[in-house]
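Throw the hints in and build the complete structure from the sequences for me.
Quick note, the sequence shown lines up with residues 682 to 1116 if you use this note's numbering.
No lab work stands behind these hints, which were simulated from the structure alone.
Heads up, a few of these hints could be off.
As the list claims (entries may be wrong) - Using C-beta positions, here's what the derived DEER-type ranges look like:
no.	residue 1	residue 2	range
1	1043	1107	22 to 30 Å
2	830	1045	38 to 46 Å
3	884	1070	30 to 38 Å
4	1068	920	48 to 56 Å
5	1101	920	48 to 56 Å
6	1103	1025	21 to 29 Å
7	938	724	53 to 61 Å
8	1076	1053	18 to 26 Å
9	938	1032	19 to 27 Å
10	938	1040	46 to 54 Å
11	1014	832	53 to 61 Å
On a predicted model such as this, the values are computed, not experimentally measured, just so you know.
Cβ coordinates follow ideal geometry from the N, Cα and C atoms, glycine included.
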Amino acid sequence: MRNEFCEDPDALIERLFGAGVVRVLDFGAFGLTLGSWGDDNLTGGPGSDLYFDPMGNDRFDGTGGNDVLLGGLGRDTLLGGAGNDVIHGGTEDDNLLGGPGNDTIAGGTGNDIIHGGGGSNLLFGGGGDDLLDVRWSTYAAQAGAGESAEDWRAAKELATDEMHGGDGNDTLEGSFGRDLLHGDAGDDHLRGQDGDDLIDGGEGNDVLSGGNGADTLLGGTGDDTIDAGRGDDLIDGGSGRNRIEAGSGDDTITGGDDRDIIRGSWGNDSIEAGSGDDWIDGGHGDDVIHLGDGDDFVGAIDQLGRGDDVIFGEGGNDWIHGGRQDDYLDGGDGDDILNGGAGDDVLVGGSGSDVFEIRGQHGVDMILDFSEDDILRIGREINGLGDLSADALAARTEAMGDGAWLDLGGSNGILFFGVDAGELGNLLQDRIEYF
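Here is the structure:
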């Protein structure tokens, strides 16, 4: 049965009793659709639609216009289509797609799949374990977004999407533009993809991936894993025990207060380790590293460490290895172990009883503050010298400028500042160790 009536010249309301649907077919440029108690499959008009269905597992396609689509208690699929749409999913596990346009989409309390589509979108996951995605996908295209991969990319390169995961363990996927990803509570996965993105894990043990572009990655609270990717990135691990991989580019990295693992990889990086007991590999490039408080380890792994690094131990008992090039190592406070590695290195122990390691001599190292509290530790097979007794080493010392030179063969050796050759020979009687 159908009953038609008119409230004014611009409105025509059609009531379909059999289907249990009340629909405003035309109200200027606005149409109202109320879903039934069952499972509905409905399509809006070319104008702006308002759709609400309290029950059932429904599908509604807004097509054109600036639509408002509200799900209910069922598992709904809501497609905004073209236009700037507002979509809310309701209480169950919903599929929500914005399509072309600048859309605002909220998932509700279920485990939702939310695709923003082309344009600059604002996405909220709400409760549940949600997927917030603004990438092109065959799923999104088949579900009615109606955009090719090429059109999608062109739109997203100019767009800025903002996503909030809310509660739950969410997955947030950026696209080609500058995206703002906030994981909020829960153990979230956030991927910026291309573009200069802001990625904030929030609470929980999160996994952050910057992708291409100059990204800002914030771990927040919890034990986070951060892979910055390509580009000159700003990385702050926040509180918790974090694993940070800076990737290529000249990155700025802050570790936080707990025990962090930080790898600079490629590029000239600036690293602030924080106050925990940290493990750091600056990687390939000319890095500046501040270790802060804590007993830290700095090493060159996987044949990297080929830059001219500047490393400050600051507080704590640190073990600092410079790598293959010409490095400056300053132990700072604490009882530190300094090993310049290959290259012409400058070593400063600072306060405390420090150990200067010379494993294999390749170059000329300078030690600026060797004293009776420190130890010189050298390899027994260094440069094939044979006898490395304290007396033999003392015989290889000579005065040089304001210091003393220890000849280790083949134009390699150590220049000690602030101590003459006689004092150095005496110090070596008691302050020498061997590998």
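Hints, verified against the model:
1. 1043 with 1107: 22 to 30 Å: holds, 28 Å
2. 830 with 1045: 38 to 46 Å: Once the Cβ atoms are compared, 58 Å apart, the range 38 to 46 Å for residue 1045 and residue 830 is violated.
3. 884 with 1070: 30 to 38 Å: violated, 60 Å
4. 1068 with 920: 48 to 56 Å: holds, 53 Å
5. 1101 with 920: 48 to 56 Å: holds, 50 Å
6. 1103 with 1025: 21 to 29 Å: holds, 25 Å
7. 938 with 724: 53 to 61 Å: Holds, since residue 938 and residue 724 (Cβ atoms, about 55 Å apart) stay within the stated range.
8. 1076 with 1053: 18 to 26 Å: holds, 21 Å
9. 938 with 1032: 19 to 27 Å: This hint holds: roughly 23 Å between Cβ atoms.
10. 938 with 1040: 46 to 54 Å: violated, 33 Å
11. 1014 with 832: 53 to 61 Å: holds, 59 Å
Hints 2, 3, 10 from the list above are not met by this structure, while the remaining hints are.
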